[in-house]
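Protein chains in written order, with my numbering: chain A, 66 to 326; chain B, 74 to 391.
In case anyone wonders, no lab produced these hints; they're calculated from the structure. In this text, all values refer to a predicted model and were calculated from it rather than measured experimentally. Honestly, I wouldn't trust all of these hints.
Using 27 Å as the maximum straight-line C-alpha spacing, the simulated DSS-like pairs for lysine-lysine come out as follows [stated by the list, open to error]: (1) A/138 with B/158; (2) B/252 with A/205; (3) A/259 with A/248; (4) B/236 with A/205; (5) B/252 with A/138; (6) A/300 with A/95; (7) A/230 with A/248; (8) A/182 with B/236; (9) A/138 with B/236.
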Amino acid sequence: MLTVENLSKTFHPGTVDEKKALNQISFHLKKGDFVTIIGSNGAGKSTLFNAICGDFMTDEGRILLDGQDITFKPSHVRSRDIGRLFQDPMRGSAPGMSIEENLALAAGNGGWFSGIKKSDREKFREQLALLDMGLENRMKQPVGLLSGGQRQALTLMMATLTVPKLLILDEHTAALDPATADKVLRITKEVVAKHNITTLMVTHNMQNALELGNRTFMMDSGHIVLDIQGEERSKLGVADLLERFRLGAGKNLDNDRILLS
Amino acid sequence: MNFIDVLSLGQTTLELGLICSLTVLALFLSYTMLNVCDLSTDGCFTLGASVGAIVAISGHPYLAIVAAMAAGVCSGFITALLQTKMGVDSLLAGIIVNTGLYSVNIAVMNGSSLLNMNKTVTIFTKMKALLSGTFLSGQYVLIVSLLAVALVVAFLTFFLRTKLGLAIRATGNNPDMVKSSSIDPVFTTIVGLCVANSFTALSGCLLSQSQKSTDINIGTGMVTIALASLLIGNAFMGRGSILKRAIGVVLGAIVFRVVYAIALRLQMPAFMLKLVSSVIVILAISGPYLKKQYPIIKRVMQGRMASKASDKAAKEDK
Numbered sequence: 066m067l068t069v070e071n072l073s074k075t076f077h078p079g080t081v082d083e084k085k086a087l088n089q090i091s092f093h094l095k096k097g098d099f100v101t102i103i104g105s106n107g108a109g110k111s112t113l114f115n116a117i118c119g120d121f122m123t124d125e126g127r128i129l130l131d132g133q134d135i136t137f138k139p140s141h142v143r144s145r146d147i148g149r150l151f152q153d154p155m156r157g158s159a160p161g162m163s164i165e166e167n168l169a170l171a172a173g174n175g176g177w178f179s180g181i182k183k184s185d186r187e188k189f190r191e192q193l194a195l196l197d198m199g200l201e202n203r204m205k206q207p208v209g210l211l212s213g214g215q216r217q218a219l220t221l222m223m224a225t226l227t228v229p230k231l232l233i234l235d236e237h238t239a240a241l242d243p244a245t246a247d248k249v250l251r252i253t254k255e256v257v258a259k260h261n262i263t264t265l266m267v268t269h270n271m272q273n274a275l276e277l278g279n280r281t282f283m284m285d286s287g288h289i290v291l292d293i294q295g296e297e298r299s300k301l302g303v304a305d306l307l308e309r310f311r312l313g314a315g316k317n318l319d320n321d322r323i324l325l326s
Numbered sequence: 074m075n076f077i078d079v080l081s082l083g084q085t086t087l088e089l090g091l092i093c094s095l096t097v098l099a100l101f102l103s104y105t106m107l108n109v110c111d112l113s114t115d116g117c118f119t120l121g122a123s124v125g126a127i128v129a130i131s132g133h134p135y136l137a138i139v140a141a142m143a144a145g146v147c148s149g150f151i152t153a154l155l156q157t158k159m160g161v162d163s164l165l166a167g168i169i170v171n172t173g174l175y176s177v178n179i180a181v182m183n184g185s186s187l188l189n190m191n192k193t194v195t196i197f198t199k200m201k202a203l204l205s206g207t208f209l210s211g212q213y214v215l216i217v218s219l220l221a222v223a224l225v226v227a228f229l230t231f232f233l234r235t236k237l238g239l240a241i242r243a244t245g246n247n248p249d250m251v252k253s254s255s256i257d258p259v260f261t262t263i264v265g266l267c268v269a270n271s272f273t274a275l276s277g278c279l280l281s282q283s284q285k286s287t288d289i290n291i292g293t294g295m296v297t298i299a300l301a302s303l304l305i306g307n308a309f310m311g312r313g314s315i316l317k318r319a320i321g322v323v324l325g326a327i328v329f330r331v332v333y334a335i336a337l338r339l340q341m342p343a344f345m346l347k348l349v350s351s352v353i354v355i356l357a358i359s360g361p362y363l364k365k366q367y368p369i370i371k372r373v374m375q376g377r378m379a380s381k382a383s384d385k386a387a388k389e390d391k
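Isolated chain B (complex conformation):
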């Protein structure tokens, strides 16, 4: 493997990491801030991809982005409505919406499960045309995704410090406090999930357009991959200002992709991606828990050993 190969592999990894980091930022808002585990993420990611693809194919590359994000807002709104106003458990609400979205997504793609966008004008081809002839001409995907990530990070840092953002954070941080305050948790949950899902949809839209094809399975497992990235990011920069944490989350997404790319180079088959992301999530969540349990486990083991030894001694006495 020569230097050029490494460089191009690095670039693809970086692009993929950046585009997927938008979903991680969405979970940063819904999971870390609002404390809602939004399991509709997979379906919403595909929804963004399919809506974006259909609108782009019909000849509106910019509108495609807006439409995808708007579709994400609708999906988030329904997930939020189910769990705040209709008595559906929050995890179940996500799963239900996710299942429903499968049909919606195929319907959006006119009944097919695969859309080809080889000839479609998208935001990426527009950027490619804009950059042609300059030294950045090969970096158009990177630039678009970098731009999108920068905008979303800037928005989140601003938004989470406004009064509405503070209310959303308080809703996730201390529900008891919010219950007896003038904040309406129904409202903050709805707004939070709408905003988060618009980012998820944007992420799906950009991924499909950069790959020039949309597949109904493009979002499968995305929620676990994004959670793994989020937890990696938290391990780096889990404290400090919102900006620092948001950047940490983006880095987490990139690190995840880099690790995955290296694993692929070391002959790991591509289908292992999802197992790897599951294992990372398990380690990141249960690691700290088991560490906390360790003294108790140790104490119990020592106790058992001691009692066994004394039993043995008693028997020998007889």
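So that you can see chain A by itself, here it is in the shape it has in the complex:
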């Protein structure tokens, strides 16, 4: 589904601030793969996501999504096939518009001049009810009135309303309180499993990294130093993972936000 070949990006080339954020990264994801990504500070996790989503032009390499070369496509074109969530829950929805209007915008069906139809509303209501947050009864209210957790759940719903080919989750539960984070994570798991969406997720929670999905990348200095899946992965504990990282990267995992349990 997603193929990344020799992807490289250097920021501020030729200056003292030169930083090789992505260094010849290559991997291939099959349809339905759910990859969790962990790594040290500045390892290039978010940069990899930004590169795939088209926030900047890469220096080298290719990105193929579902057989299509998207390396040079503008980000808003890529977004039709890629759903994306950020750490900041405020980033994914428009606070001044109602829940219903945000969903209509994300649904993306109909022409430019189509409005919200009754059938759309029913569909939204059904979907919102799955979140179990009571949002289905507040569809006319502006999104600005929702809590961070509710907004992140709504954003997740918006990102998957038309099933994307790729879902990108950049620590999307890190800014939420533990209980809400668990809830959003549970919804994430359900939605991804239901539609068999190919997913990339950055997390700082080592336990989550091993429990969720079917594959784990560990990144350091713009490389993927560890790529584990299948039986090898299922036997691994958090301590083993840290040891494997040390062997792969040649140093200890250095991340000030990491959660070991």
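Starting from the known structure of chain A, arrange chain B on it as the hints suggest.
Coordinates of chain B only, in the frame set by chain A:
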């Protein structure tokens, strides 16, 4: 001042308020929805007036309206292009276009800065002819402007609820969200400013034709007047459905004109209009800001008083 005078003054005020409310509706789209402060409004207003006047004078009263609006679309397109594709800051783009439009407007008016339309057939004279003999015969300006405002409000309420309208609102409401979504902010900004400027031009066209003359300065200060009206309107009905807010904005424009008319009656000289509109905009924008700052200011003042008092006490101890 007798009753008839008040009535006719009220009518003129209402007409002026309605015609200018079209510009306020344009800012409702560009400033409130798209979050772009479009400073080309003054020039675009005059552009609508001059293009409308020239086409009407050449004998096409209906085409004049269409031509004026089309000219507004072009002006909006250039303002939008400058700020989305050519790296010009959005405020600066408006100012540049506004300056350029001054020359364009004089060129459109064949090098003169004043066009007389006393004998010209316009949409207003057409309506006057249509209504002659009925009890509404004196209200032709009011009816045309009411019709125009109703059409624009209806269009906006429809448009802002379509997918394109939602995309435009999202562009203004959360640029971060739009950046990582499938909405192209360049496209929505261009469409938004084109539509908004067509209303501004329509407003200018109707004002000049109702006054039967076009002057190069007809649009001067319009952006501040319209902003003042918009903010007054928001104070009335700033929440709720788009229809409610659009109507609030129209009411804001009328209230502004009524207040101004009363001030004129109370011997305020006419040249004060622009200062008054500036002051209203300042109050409406910085009022809420200062209100929010007040606790901090109060805290600082109290702190200073307390420290002064303790200093004094310390000195006395010595």
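Against the structure, the hints:
{"no.": "1", "hint": "A/138 with B/158", "verdict": "17 Å, holds"}
{"no.": "2", "hint": "B/252 with A/205", "verdict": "24 Å, holds"}
{"no.": "3", "hint": "A/259 with A/248", "verdict": "16 Å, holds"}
{"no.": "4", "hint": "B/236 with A/205", "verdict": "16 Å, holds"}
{"no.": "5", "hint": "B/252 with A/138", "verdict": "14 Å, holds"}
{"no.": "6", "hint": "A/300 with A/95", "verdict": "22 Å, holds"}
{"no.": "7", "hint": "A/230 with A/248", "verdict": "24 Å, holds"}
{"no.": "8", "hint": "A/182 with B/236", "verdict": "11 Å, holds"}
{"no.": "9", "hint": "A/138 with B/236", "verdict": "23 Å, holds"}
Hint compliance for this structure: every hint is met.
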